[in-house]
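If you're matching them up, the sequences are chains F, X and C in order.
With positions in the first sequence counted from 1, the corresponding number in the numbering used here is that position plus 113.
With positions in the second sequence counted from 1, the corresponding number in the numbering used here is that position plus 113.
With positions in the third sequence counted from 1, the corresponding number in the numbering used here is that position plus 113.
Quick caveat, the hints were computed from the structure, so don't treat them as lab data.
Every value quoted in this text rests on a predicted model; they were computed, and no experiment measured them.
By construction, the Cβ of each residue, glycine as well, lies at the ideal position given by its N, Cα and C atoms.
Hints are supplied without guarantee of correctness; some may be wrong.
Partial selection, computed: residues in chain C whose CB lies under 8 Å from chain F [said to hold, decoys possible]:
(1) Y120
(2) L121
(3) W122
(4) A139
(5) G146
(6) G150
(7) N166
(8) A168
(9) E169
(10) L172
(11) D175
Ranges between beta-carbon positions, derived for each pair [unchecked claim]:
(12) C:R239 - F:W122: 42 to 50 Å
(13) C:D198 - F:H188: 23 to 31 Å
(14) F:K221 - C:R191: 40 to 48 Å
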Amino acid sequence: MKTHTDYLWFNTKARHEFVNITGEVARVVSESGVDDGMALVSAMHITAAVYVNDAESGLIADIEEWLSKIAPTRHPYRHHQTGEDNGYAHLWNLTLGHQVIVPITKGKLDLGPWEQVYYAEFDGRRKKRVIVKVMGR
Amino acid sequence: MKTHTDYLWFNTKARHEFVNITGEVARVVSESGVDDGMALVSAMHITAAVYVNDAESGLIADIEEWLSKIAPTRHPYRHHQTGEDNGYAHLWNLTLGHQVIVPITKGKLDLGPWEQVYYAEFDGRRKKRVIVKVMGR
Amino acid sequence: MKTHTDYLWFNTKARHEFVNITGEVARVVSESGVDDGMALVSAMHITAAVYVNDAESGLIADIEEWLSKIAPTRHPYRHHQTGEDNGYAHLWNLTLGHQVIVPITKGKLDLGPWEQVYYAEFDGRRKKRVIVKVMGR
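Same shape as in the complex, but just chain F:
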């Protein structure tokens, strides 16, 4: 049994940014030497998400608009009494989820035709991390 761990670092220019990390995850899986198993891809911060969906810019704009509708950015969240202004970003993290598991078969990411792994930053412009942990044989 093999395990392998790597960390992806982000420091986005915009406060909100959607980054396709499929290639980075594939690289870590390749470096792991795992032929059959799973890769956990998990945001280590609670105001960002990791999800799987389509690499289509219109859809990505739809996702952000939709998040803004179900959890508005300018709502007077109680969390803001701590001095923060990112209450919405916590709720967006909970809506999209902070992690995915990518199956690995024959040494490759075993993804469907349109599946891409995304890091979605909701409170950026500072250093943040995603862990990629690979486990298998």
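Guided by the hints, dock chains X and C onto chain F, whose structure is given.
Coordinates of chains X and C only, in the frame set by chain F:
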């Protein structure tokens, strides 16, 4: 350490359909010979979901009505400028999630009394897949 | 390869309760003897959630208020025709998710600075369980 992979195929008659796949997942786990471990059950398409909840038809209708309320089917999504009409289906996938991990103990799915694994199709009437990857000892 | 399984029991005083279980998960991981791997933390009931986010009481109140807004507690859900009154609790489970995977590195939970594991009870005052299954080497 053992790994075992199988793919479940779907081609639903209705555009939206909720399919209880608990028995299929149990069959794959049984075939894997894994006594203790985890089974990843993950939709390979981005307009379907895999989730765990109750096998109760009223609740399933509630879930679909609720999804329609938080992400309406007829909204003018930007994604539709690509010729698609399934923007809502991407958002429903993100809301319910596209994968679950089922724990395996003593060779069986280690689920609570009401937990059932569902494949939820949001853009059906064509062939789609779910991967089941079992890992353990 | 090692696997180790434990069950956390809950019987909350309030119908809705958010319980920080990070310490309990760390204890199970420590008992497993796994140095590198993953811990699945999964609610075995379909009216509770397991999620990762901040241990900040204002935010926790924001989360509950937000859940009540997107899936109201008093809605006439079809599920209530079975005699239940917890339709909302099923939808809250689906919104936050019922499970997380915590990565384990050097025998410890490999969490970011603010990541805490929460059990969120939405229909409490009775015995309910969470499974923690650890897998690794």
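A quick look at each hint next to the structure:
{"no.": "1", "hint": "Y120", "verdict": "22 Å, violated"}
{"no.": "2", "hint": "L121", "verdict": "20 Å, violated"}
{"no.": "3", "hint": "W122", "verdict": "25 Å, violated"}
{"no.": "4", "hint": "A139", "verdict": "16 Å, violated"}
{"no.": "5", "hint": "G146", "verdict": "14 Å, violated"}
{"no.": "6", "hint": "G150", "verdict": "6 Å, holds"}
{"no.": "7", "hint": "N166", "verdict": "5 Å, holds"}
{"no.": "8", "hint": "A168", "verdict": "10 Å, violated"}
{"no.": "9", "hint": "E169", "verdict": "6 Å, holds"}
{"no.": "10", "hint": "L172", "verdict": "4 Å, holds"}
{"no.": "11", "hint": "D175", "verdict": "5 Å, holds"}
{"no.": "12", "hint": "C:R239 - F:W122: 42 to 50 Å", "verdict": "44 Å, holds"}
{"no.": "13", "hint": "C:D198 - F:H188: 23 to 31 Å", "verdict": "28 Å, holds"}
{"no.": "14", "hint": "F:K221 - C:R191: 40 to 48 Å", "verdict": "43 Å, holds"}
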